Amino acid sequence: MLDIREVIETNKMIMENNLDVRTITMGISLIDCKGSTVEEICDKIYERITTKAGNLVKVGQDIEKELGIPIVNKRISITPISLVGAGVCKTIDDFVTICKTLDKVAHEVGVNFIGGYSALVSKGMTEADELLIRSIPKALAETERICSSVVVGSTKTGIDMDAVRLMGEVIKEAAELTKDNDSLGCAKLVVLCNAPDDNPFMAGAFHGVTEADAIINVGVSGPGVVKSAISHVKGESFEVLCETIKKTAFKITRVGQLVAQEASKRLNVPFGIIDLSLAPTPAVGDSVGEVLEEIGLEYAGAPGTTAALALLNDQVKKGGIMASSYVGGLSGAFIPVSEDQRMIDAAECGALTIEKLEAMTCVCSVGLDMIAIPGDTKATTISGIIADEMALGMVNQKTTAVRIIPVIGKGVGEQAVFGGLLGFAPIMPVNQYSCDEFIARKGRIPAPIHSFKN
Amino acid sequence: MHKVIITVLGKDTVGILAKVCTYLANNKVNILDISQTIVDGYFNMMMVADINEAPKDFHIIADELAQIGDEIGVDIRAQKAAIFDKMHRI
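These protein sequence lines are chains L and B, in that order. First residue of the first sequence? That's 1 in this note's numbering, and the numbers climb one at a time after it. First residue of the second sequence? That's 1001 in this note's numbering, and the numbers climb one at a time after it.
Hint data in this document are derived by calculation from the structure and do not stem from the laboratory. Don't take each hint at face value.
[What the hints assert, rightly or not] Computed list of chain B residues with no C-beta within reach of chain L, every gap over 10 Å:
hint : residue
1    : T1013
2    : V1014
3    : L1017
4    : A1018
5    : V1048
6    : A1054
[What the hints assert, rightly or not] Calculated pairs, EDC-like style, for lysine to aspartate or glutamate (alpha carbon to alpha carbon, straight line, at most 16 Å):
hint : chain 1 : residue 1 : chain 2 : residue 2
7    : L       : K65       : B       : D1040
8    : L       : K410      : L       : D376
9    : B       : K1011     : B       : D1070
10   : L       : K12       : B       : D1063
11   : L       : K65       : B       : D1057
12   : L       : K52       : L       : E108
13   : L       : K247      : L       : D314
14   : L       : K179      : L       : D376
15   : L       : K234      : L       : E298
16   : B       : K1056     : L       : E66
17   : L       : K104      : L       : E66
18   : L       : K34       : L       : E47
19   : B       : K1003     : L       : E66
20   : B       : K1003     : L       : E40
21   : L       : K138      : L       : E169
22   : L       : K65       : B       : E1064
23   : L       : K356      : L       : E298
24   : L       : K12       : B       : D1040
25   : L       : K100      : L       : D3
[Unchecked claim] Ranges between beta-carbon positions, derived for each pair:
hint : chain 1 : residue 1 : chain 2 : residue 2 : range
26   : L       : E16       : B       : I1068     : 20 to 28 Å
27   : B       : I1068     : L       : D3        : 20 to 28 Å
28   : L       : D32       : B       : F1043     : 54 to 62 Å
These numbers were taken from a predicted model, which means no experiment stands behind them. We put the beta carbon where it would ideally sit given N, CA and C, even for glycine.
All chains, full assembly: derive it from the sequences and hints.
This is the structure in structure tokens:
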């Protein structure tokens, strides 16, 4: 029989420490949504998504009510659109038409994002891939609920530097086209290395080609719960600290597993994975930065931050892995600047720099995330930042990502405001030295050697 | 059996238990266990109940219990027991 203290503990996590399930994401394959015209493809996509995910939001809300835990987002990930549109889409506008259809579907089924306006180009770009990439700025500017991602490298293939160069330009253009909203388009666009096929989190979610027709992936959260738990072990040894994080991660993940199983059963769609991530929100008490402070740092970014984050990330995985039958996705602590109040504070007071964030991404998921930089940053500089982050992922055999926002018309010291879960971000200074000649080189960076590791 | 956990959190006042129990009896919800404790000066009560025989839908019962809570100034939540079992039992 349950003990009243256990019941109180769970409800305290939910009501006081912001425990929630961050997202139920239904992955849907669009691989057979083929047609001879763009309209035909759009019709099939519309039909497929509304049929599969018509009930997603309602089922999510029912589970939320029955278990008494918020499920913040209900989302959809789809087969990368460059594959779906290949052969038929001949212009940028053809791809944008598909994107608009997706946006319409997202509104109709009530999900807050569809991810998968994507291209996988880690070794090279097809004509369709390149066209899709070039269409991203317009597609994001003319839609509301679509997320885009481009995979430009992997440990096995190396880095496609032509795509990296192109992405620098695309990010600048996306910023320009959405400059009236603090370049919001870039907040829905991410560049990845070693992207997983089953990630439920935006903006990098897509339904990989290795996946089944439809699948339910769930992303858990809970930095507030971890922070609250470790506040009770102040001054204790690392062993005690690690044990506390592991136990908490286990409990958080069990809830995710339960929600995933329920959703899978009710939607009659197989369960895919649980993504064990500490995903913050701008709400006070729901911050990874705050967890780092509780571990013993004055601010995220202080010396010791990378070690503290490595410890945190590893314990979350160790605790979570036993709580679920299938773990996948990105699984790790997220460190998006704009979506985390204490990270915003750390960036604002100068404790946290882009270079320190880059080091932190070596030991956690995912990468340079939701970082606002001056609008006049050169495209080549953005490509250089992307290349650095991709190299970290490639060499360390992990997923890395860049979601960076050059806020047009604003500079260091000002703030970009995106609203909602995307939060707001102080504009951070960027190294001003040039990498033009490096980025101008054509071709690929070869895959790294897999032995002689040092 | 459809096990649900009903929790009441708030300032201790006369008649909380009576109100909740009357509602549950009227709606054919069988109470299996009751325990209570005081945490940080607040009255915490937990009921384990079975709603298998209840003619009303769980969602309606949860809403109506919450409403009773509003009327007497306490927080009443009804949740399926699975979330607690999953979190605290391996």
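Going through the hints against the structure:
Distance check on T1013 (chain B): its Cβ is at least 19 Å (rounded) from any Cβ of chain L, clearing the 10 Å threshold; non-interface status holds. Non-interface status of V1014 (chain B) relative to chain L is upheld: no Cβ of that chain comes within 10 Å, the nearest being about 21 Å off. For L1017 (chain B), the non-interface assignment is confirmed: its Cβ lies about 14 Å from the closest Cβ of chain L, beyond the 10 Å cut-off. Look at A1018 (chain B): its CB is around 20 Å from the nearest CB on chain L, clear of 10 Å, so calling it non-interface holds up.
The non-interface label for V1048 (chain B) is inconsistent with chain L: the shortest C-beta to C-beta separation is roughly 7 Å, within 10 Å. At roughly 14 Å, the least C-beta separation between A1054 (chain B) and chain L is larger than 10 Å, which holds for a residue marked as non-interface. Proposed proximity of K65 (chain L) and D1040 (chain B) is contradicted: the alpha carbons are some 27 Å apart, above 16 Å. Between the alpha carbons of K410 (chain L) and D376 (chain L) the distance comes to roughly 8 Å, so the proposed pair stays at or under 16 Å and holds.
For the hint linking K1011 (chain B) to D1070 (chain B), the alpha-carbon distance of about 12 Å falls within 16 Å, and the restraint holds. Using a Cα cut-off of 16 Å, the hinted pair K12 (chain L) and D1063 (chain B) is violated, with the two alpha carbons roughly 20 Å apart. Between K65 (chain L) and D1057 (chain B), the direct Cα distance comes to roughly 12 Å. Compliance with the 16 Å bound is thereby established for this hinted pair. Distance check on the hinted pair: K52 (chain L) and E108 (chain L) sit about 13 Å apart at the alpha-carbon level, within 16 Å; holds.
Of the supplied pair hints, the one linking K247 (chain L) and D314 (chain L) holds, its CA atoms being roughly 13 Å apart against a limit of 16 Å. Restraint check for K179 (chain L) and D376 (chain L): the C-alpha separation of about 12 Å stays at or below 16 Å, so the hint holds. Using a Cα cut-off of 16 Å, the hinted pair K234 (chain L) and E298 (chain L) holds, with the two alpha carbons roughly 14 Å apart. The suggested pairing of K1056 (chain B) with E66 (chain L) holds, with an alpha-carbon distance near 14 Å, which does not exceed 16 Å.
A hinted pair counts as satisfied when its Cα atoms are at most 16 Å apart, and K104 (chain L) with E66 (chain L) does not qualify at roughly 30 Å. Distance hint between K34 (chain L) and E47 (chain L) is fulfilled; the C-alpha atoms sit about 12 Å from each other, no more than 16 Å. Restraint check for K1003 (chain B) and E66 (chain L): satisfied, since their Cα atoms lie roughly 11 Å apart, inside the 16 Å limit. With a C-alpha separation of about 49 Å, the suggested pair K1003 (chain B) and E40 (chain L) falls outside the 16 Å cut-off, and the hint is violated.
In summary, the hint linking K138 (chain L) to E169 (chain L) is supported, as the alpha carbons are separated by about 13 Å, within the 16 Å threshold. The straight-line distance between the Cα atoms of K65 (chain L) and E1064 (chain B) is roughly 13 Å, inside the 16 Å bound, and the hint therefore holds. For the suggested pair K356 (chain L) and E298 (chain L), the alpha carbons sit about 15 Å apart, so the restraint of at most 16 Å is met. Proximity of K12 (chain L) to D1040 (chain B) is assessed by CA-CA distance (about 13 Å); at most 16 Å being required, the pair is judged to hold.
Restraint check for K100 (chain L) and D3 (chain L): the C-alpha separation of about 51 Å exceeds 16 Å, so the hint is violated. Between E16 (chain L) and I1068 (chain B) the Cβ separation comes to about 23 Å, which falls inside the hinted range of 20 to 28 Å. Checked against the hint of 20 to 28 Å, the pair I1068 (chain B) and D3 (chain L) passes, with Cβ atoms roughly 25 Å apart. At roughly 58 Å, the beta carbons of D32 (chain L) and F1043 (chain B) sit within the given window of 54 to 62 Å.
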